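Peer 1: In the order they appear, the protein sequences are chains V and P. In terms of numbering that gives the first Met the number 0, the numbers along the first sequence are unbroken and rise by one, the last being 505. In terms of numbering that gives the first Met the number 0, the numbers along the second sequence are unbroken and rise by one, the last being 98.
For the record, the hints were derived by calculation from the structure and aren't laboratory data. Errors might be hidden in some of the hints.
[Stated by the list, open to error] Cross-link-like lysine-lysine pairs, in silico, BS3-like; alpha carbons within 30 Å at most:
hint	chain 1	residue 1	chain 2	residue 2
1	V	K168	V	K368
2	P	K86	V	K164
3	V	K164	V	K368
4	P	K86	V	K368
5	V	K48	V	K368
6	V	K168	V	K48
[As the list claims (entries may be wrong)] Residues of chain V clear of chain P, computed beta-carbon distances all greater than 10 Å:
hint	residue
7	I35
8	L142
9	A185
10	S200
11	D244
12	L294
13	A375
14	P402
15	P403
16	P454
17	Q466
Predicted model only: the values in this text are computed from it and were never measured. Note that the Cβ used here is the ideal one computed from N, Cα and C, for glycine as well.
Chain by chain, the residues:
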Amino acid sequence: MLSSLLSVVAASDWVSPTIDYHALAPEIVLAAGIVIVLLVDLFTSETNKWLVAPLASFSLLGAFIPVVTIALSDNTMRELFDGRYVVDEFSLVIKGLFILAGYVVVLISTDYLREGDYYQGEYWFLVLTSILGMVMMASSRDLVSIFVALEFLSIPAYMLAAWRKRDLKSNEAGVKYYLLGVFASAIMLYGMSLLYGIANSTLLTDIGETLSSEMTSIRALAILFVIIGFAFKVSAVPFHTWAPDTYEGAPTPVTAFLSVASKAAGFVALVTVIYVAFPYASDVWQPVIWILSVLTMTVGNVLALRQTNFVRMLAYSSISQGGFILMPLAVAGEGTTGQSALRAVVVYLMLYAATNLGVFAIVIAVARKTRSGAIASYGGLFSYAPGLAALMTIFMASLAGIPPLGGWFGKFAAFQAVLSAETNWGYAIAVIGAVNSVVAFGYYGNVLREIWMRPVPDGDTAPVVIQPAIAVALGITGVATLVLGTLPGIVSHFGDLASLSSAFSG
Amino acid sequence: MLVNQFLMLGAVLFCIGVYGVIARRNAVLVLMSIELILNSVNINLLAFALRNGSADGHTFALYVIAVAAAEVGVGLAMVLLVYRNRKSIALDELAEMKG
């Protein structure tokens, strides 16, 4: 076996690949930031540990600069390593989203961690590492790099979920997330090994060409396994069982991170694989995604209706939102729908990230005072924290999809894409989606009723102290939700991504 | 070559691993079952690399081995954490949260 490997290597003349350092700059800055954060935390005295959090945010902002400069440069289509690592418009938009979402997560974690039962600097290291994995995921166009990026972003997230070591709930959150996450990536890997055997290449474009010929059962099985692997990651029903427990048990900033960034990374990987590797196999994955999407939005909604814990309700709400993000993908293979489906997914991810991070920022600010996660503990929030109550109303309305807020435009783009397919499957899923978005008013409205109409449960109307970091996070997410909803042209501009969807139009 | 036999072995290992993950209640045994699946992936990759005569499969298998080691490191640490707090690693006893 070794001799066959050596003969293969010897047959090809080794040429060192040329590396476009500008294209890799976000990753390099982030990697440097990770090392600095780890070392500073290791070698500073206990009194100077506060330094680490600002350093983490600076390395994220530093990584954002090259993303902007690449986007502004003339060449926004950079292929590295024979097209295994591609920096194009799609990946730039997604990288920007991950880095900014990571920045907001750092903002909402700062005070939460400082006031927690104990402080450990590895938190920042793990968050940054996970974001680096996501940033790499946005560019990966090869089975190996997708797998490595997926593990890169997941393994720190497992540890973050089990962050509170002495808390039984946090332990349970970590173990459940870990076991199901690793099981899912193992199944995905089995599918990937079959894909490699079929195409004799790990490059996604080669796999796409091979799959364009005939469809055999083994090819369908490989596609199915890969999609199931990512369905776990985006907590699509019936692979969602870890999500509510993990979201409830993990520390709240980590839950925000998992429900936004980690979920978005799963969708990015799914989109990349579908658009680059499976464009000609839509007969196989379209029905699978259709069923996953319908189940996800329906089951997520129905279970969210009966929750009494706010974070757990948000977990089911985020499962249901995931169904809406999957919805345009269910018809992405029909004619020219690929383009608008891709735009809908990207737009929805951005708006969902802004809104959901805002909700979690409020949850952290309020729970600091009430020390409770129950929805009932938000009773009378308006009477002692009118600003937070107003913001919460905006975010809830955005999640429910009321115009002119961000979430509305995300839903609009998704329905537009589904209807433009002009197939019966498309119309059917649009109807189911419409019914579900009405059902969702039930639980989002329930929170608003508590905030505006119910009395304060324990009569304690001392105002909620909002720390500066949380205030900045609320500002960013609130403005994003409002502006992107009222001026949807800004965000839909980011969604016009020709490079990735070219496979469908051709 | 014996490629088909290797693929068969991979498929059997995969099925045993999936069964183990679903049926076992001991966290360490579930971890070992996941390792079985990852090993079936490696066998598949190497068998295909042998058949196709390309180095990609060998490289992929090396990555899988390295990442699997990292994963098991985290997994065992987490099992240890649970054991310290509960004196048990039975997964069905992990039911603090319901609904």
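Peer 1: Hints first: check each against the structure and report whether it holds.
Peer 2: Against the structure, the hints:
1. About 21 Å separates the Cα atoms of K168(V) and K368(V), which keeps this hinted pair within 30 Å; it holds.
2. Straight-line distance between C-alpha atoms of K86(P) and K164(V) comes to about 14 Å, which keeps the hinted pair within the 30 Å bound.
3. Between K164(V) and K368(V) the CA atoms are separated by roughly 23 Å; this keeps the pair inside 30 Å, and the hint holds.
4. The straight-line distance between the Cα atoms of K86(P) and K368(V) is roughly 34 Å, outside the 30 Å bound, and the hint therefore fails.
5. The hinted pair formed by K48(V) and K368(V) meets the criterion: a straight-line CA distance of about 25 Å does not exceed 30 Å.
6. Pair hint K168(V) plus K48(V) holds up; C-alpha atoms about 27 Å apart against a cutoff of 30 Å.
7. Every Cβ of chain P is farther than 10 Å from the Cβ of I35(V); the closest lies at roughly 22 Å, confirming the non-interface assignment.
8. Non-interface status of L142(V) relative to chain P is broken: a Cβ of that chain comes within 10 Å, the nearest being about 7 Å off.
9. Taking the minimum C-beta to C-beta distance to chain P, about 4 Å, the non-interface status of A185(V) is violated against the 10 Å cut.
10. At roughly 6 Å, the least C-beta separation between S200(V) and chain P is not larger than 10 Å, which violates its mark as non-interface.
11. Not every CB of chain P is more than 10 Å from the CB of D244(V) (nearest about 5 Å), against its label as outside the interface.
12. With a cut of 10 Å on Cβ distances, L294(V) stays outside the contact zone with chain P, its closest approach being about 18 Å.
13. Distance check for A375(V) against chain P: the nearest CB is about 15 Å away, which clears 10 Å, and the non-interface claim stands.
14. Even its closest Cβ contact with chain P, about 32 Å, leaves P402(V) beyond 10 Å, as expected for a residue assigned away from the interface.
15. With a closest Cβ-Cβ approach of about 34 Å to chain P, P403(V) is found to remain outside the 10 Å limit, as its non-interface label requires.
16. The non-interface label for P454(V) is consistent with chain P: the shortest C-beta to C-beta separation is roughly 26 Å, beyond 10 Å.
17. For Q466(V), the condition that its CB be more than 10 Å from all CB atoms of chain P holds, with the nearest at approximately 28 Å.
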